[in-house]
Amino acid sequence: MSDPVIYLDHAATAPIDPRVRAAMDESLAAAPGNPSSGHPGGRAARERIEAARAEVAALIGAPAAAIVFTSGATEADNLAILGAARANAARGRHLVSLRTEHRAVLDPLARLAREGFRVTLLTPAADGLIDPAALERALEPGTTLVSVMLVNNEIGVVQDLAAIAAACRRAGALLHVDAAQAAGRVPFEVGALDADLVSLAAHKVHGPVGVGALYVRRAPRPALEPLAYGGGQEGGLRPGTLAAHQIVGMGRAYALARAALHEEPARLAGLRDRLWAALAPLPDVHLNGHPEARAPHILSVSFGGVDGEALRCELPQLAVSSGSACASGHGEPSYVLRALGRDDALAQATLRFSVGRQTTVADVDAAAVGVRRALERLRALAPA
Amino acid sequence: MSDPVIYLDHAATAPIDPRVRAAMDESLAAAPGNPSSGHPGGRAARERIEAARAEVAALIGAPAAAIVFTSGATEADNLAILGAARANAARGRHLVSLRTEHRAVLDPLARLAREGFRVTLLTPAADGLIDPAALERALEPGTTLVSVMLVNNEIGVVQDLAAIAAACRRAGALLHVDAAQAAGRVPFEVGALDADLVSLAAHKVHGPVGVGALYVRRAPRPALEPLAYGGGQEGGLRPGTLAAHQIVGMGRAYALARAALHEEPARLAGLRDRLWAALAPLPDVHLNGHPEARAPHILSVSFGGVDGEALRCELPQLAVSSGSACASGHGEPSYVLRALGRDDALAQATLRFSVGRQTTVADVDAAAVGVRRALERLRALAPA
Amino acid sequence: MTGAGAYSAEVLRLFATTPGAGVPVGPDWRRGEASEPLSATRVEVYLRAEAGRVADCRYRVRGCPHTIAALATVAARLPGSSLADLALDVRALAAELGIPPEKLGRLFVIQDAVRAAALQLAPADP
Amino acid sequence: MTGAGAYSAEVLRLFATTPGAGVPVGPDWRRGEASEPLSATRVEVYLRAEAGRVADCRYRVRGCPHTIAALATVAARLPGSSLADLALDVRALAAELGIPPEKLGRLFVIQDAVRAAALQLAPADP
Ligand SMILES: Cc1ncc(COP(=O)(O)O)c(C=O)c1O
Ligand SMILES: Cc1ncc(COP(=O)(O)O)c(C=O)c1O
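Chains as they are written, first to last, in the working numbering: chain R, 1 to 384; chain E, 1 to 384; chain Z, 1 to 126; chain X, 1 to 126.
Certain hints may be false.
Ranges between beta-carbon positions, derived for each pair [unchecked claim]:
| id | chain 1 | residue 1 | chain 2 | residue 2 | range |
| --- | --- | --- | --- | --- | --- |
| 1 | E | Ala113 | R | Pro4 | 54 to 60 Å |
| 2 | R | His262 | E | Arg99 | 33 to 39 Å |
| 3 | R | Gly116 | E | Asp284 | 29 to 35 Å |
Which residues of chain E face chain Z? A few of them, derived with a C-beta cut under 10 Å, are [as the list claims (entries may be wrong)]:
| id | residue |
| --- | --- |
| 4 | Val186 |
| 5 | Gly308 |
| 6 | Arg377 |
Simulated from the structure, these hints should not be mistaken for lab results. Note that the Cβ used here is the ideal one computed from N, Cα and C, for glycine as well.
If we strip away everything but chain R, and leave its shape as in the complex, we get (with noise of 0.2 Å):
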């Protein structure tokens, strides 16, 4: 631990742009104003947040009207679906979502299951996609809500957004995009991704944790219940004093993300491939999730013949996350995996390295290396 650590964590929080961070501490030092005062202070805030709104806006091709901002992906995660499902809940009582979603997603549904709605949960297929076809049969006259990720978190993989928005458009189910992997890494627009409500979080593309957004389409707009009231903030749909600096540095993060949208992205793909060049020539190593339809910063790879816990307790210079747990021993093999039919001892000894803007040659380069001897220690130590 005493060598430079190697970050390949972005995915479960990018570290922070000096440029947005910057932004951040500009936006702390203004005149004070709650951003709901009639005084300069207060307007400047109010100003300041409507950049940032039509910032973020602008990175998934939305009017900046269309975008509430909350806490986080996983505040935004619930209020489109305890939301949508409760607020149509005349309309029907069934959802439909995949068991490779975030818990953001999972939770929630598990919740509406406990007030009585019916969740159906879809198995996508070993390679981490979900057959659109097989989603649409899954859709009823009942089904109020769709909830598909973009980007899985843990395996990066694309969804077929397009068709799985076409069959809920033709069953008249709202769809749902948590995109919080998504944006800044994968381009898209809300338009041609046709979803009604889409989840981000500023912290997964080197914006501030604790900041993140629904998009609400505006037309036809899907009919939502907050999670809480009081304030009357954000159309009403998510009260509470907003955080004018926090919104700043999402804004921030949101606009370097869309500048650099051209190149970013491919330069991330192209450290991920070079990563995977590396371990896939060592043997018992497995990629998980599709080989091409996948966002360009996640490369999920699980390792047979050693413990995974051992695996990373090896390498201590490399944030990465597992696909499993931790040494206080209550952890379980990841579901996502194992929805995808990993084995427990494979799901178990998984490392999710993701990339991101300050990820260099070098730092992959030294993942690789570190993990080959890693495992080759390893294993010489296990039996036969």
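Once you have looked at the hints, place chains E, Z and X with the ligands on chain R.
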């Protein structure tokens, strides 16, 4: 507006303390890591969060484990009110609060009324104080939750929560206290307060906007239903990646407030009293709220014979709040002042002056001079 | 909670200078007033006429900056108007000064006060 | 998602150095093994005995750092123990190395492998 602004709107938001800002920036600049991650950056973020939790807890005499971080007092109020009412619905469906509470309390109560709860809103006396005996008479066997704020955000009165808590105990009702305006201004300990749930905000005491906390008593622990689901953070009560820099900011702000708790409130009260001493002799000027039972930082004054909007427009160098509305026109006189019996015209011509750490004697003196001149001009312009 | 920023520069100028404000002295002036209790707006208009036309206008007012600016504008423009035809174009005035629709009622208070004063000058139709 | 920080310095040292690891050569060694499918833990223990006591111990292991450290500790301490009385105090070991209760099962895997090897050396009670 070319004059420097005299900021007397700390009850809306208190300018961030430079030391808080520095601590936040330091946290943002630290090695990256999702606090849920096991690598060193993640662990460091978790440690910073736990240190801040201890500091927040210390200000109110709570154990650190009783603090649940939220995105602000609005969310804390909603989690407390929606959460406790829904989780205890089997025990009863009657809730009690005051007409003079913040919207972040009244609006979730209104929501619960739509869900079939019965909500009793009591009207305090004209001085803003609720008679604990009157409150006790409103409690019924089915009353599960009482919500009374410690310091009123518009007029600054401090309720007799010891007596209110005792009444709640006798009736077996949970007590929620919105202490967003109280923390750091009025010394209190949750033990003595004997409340089950206490809402806190960072930005009212020179911390960042967008972070707050709910104190949840440990024993007995009130049942609470979360507002959102996923991720399991904060004991399952509040999911989402924890925003370390925001929480660090709140921790630092609370530590600073605690360090100054024995002098700063008295200094603020001195400023408030000096301002009132300068305004009180002017004709047709009315103090809102009880003259003694009040927080040190808030002074609410109604001015007869002038239009409130014109008064504020005449005072562009003064950043204050008003008991009323705005140039956009759909403002209504403050519901708090109306509940206390102020007529519309007076309620509409009300200024809330609120002082803070940077406020000086020169500030309040200049404010008093400005108000006097403005009153003179506008009253001279008005029909006899 | 809205301060000066919600007003146009022209409204702010008129609010700050209130040209024509005051109570005139002299026998020829006639007074009209009107009010709107909800917003506690009160408008007092003084008119002087010459040859069936408004010769001069003064006023006092308790009201919001928009109301004050609108009244100052009306007072400056009335001279020369025929007493027989004193209709204010309230909507045009609101548009000119950026007065939000919710406040149109306050402009009708101005109109009422002007009419009340004019009535004193030209008591009845011929 | 937990890395090295959750382990004590002693666990990390044993994990990094694995004293006593390896497959011994020689006719006197006996092998025992045990495994636990859920965590895919596998432990292979080699024992050599002299005069009814453990003379030496070697091992191979696939397991988490706690398991590896515990096994290295056991291997270092076994020599001298009577084959007739090879009970490991699993709980004491867990406490010593800071191994969480959820992982106690893995220590029993070690115990089982040691016993299996010991059985080969002292086939039956007299
Ligand atoms: C796909 C996805 N959705 C939602 C979230 C939740 O984001 P946050 O915890 O910042 O609210 C994450 C990140 O953890 C994610 O990867
Ligand atoms: C008494 C009280 N409660 C709750 C709040 C809500 O705080 P926030 O908007 O920061 O969530 C405020 C401040 O606006 C307040 O003064």
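Going down the list of hints, with the structure as the test:
1. E/Ala113 - R/Pro4: 54 to 60 Å: Holds: the Cβ-Cβ distance is about 58 Å, inside 54 to 60 Å.
2. R/His262 - E/Arg99: 33 to 39 Å: Since R/His262 and E/Arg99 have Cβ atoms about 56 Å apart, the given range 33 to 39 Å is violated.
3. R/Gly116 - E/Asp284: 29 to 35 Å: violated, 59 Å
4. Val186: violated, 24 Å
5. Gly308: holds, 8 Å
6. Arg377: holds, 9 Å
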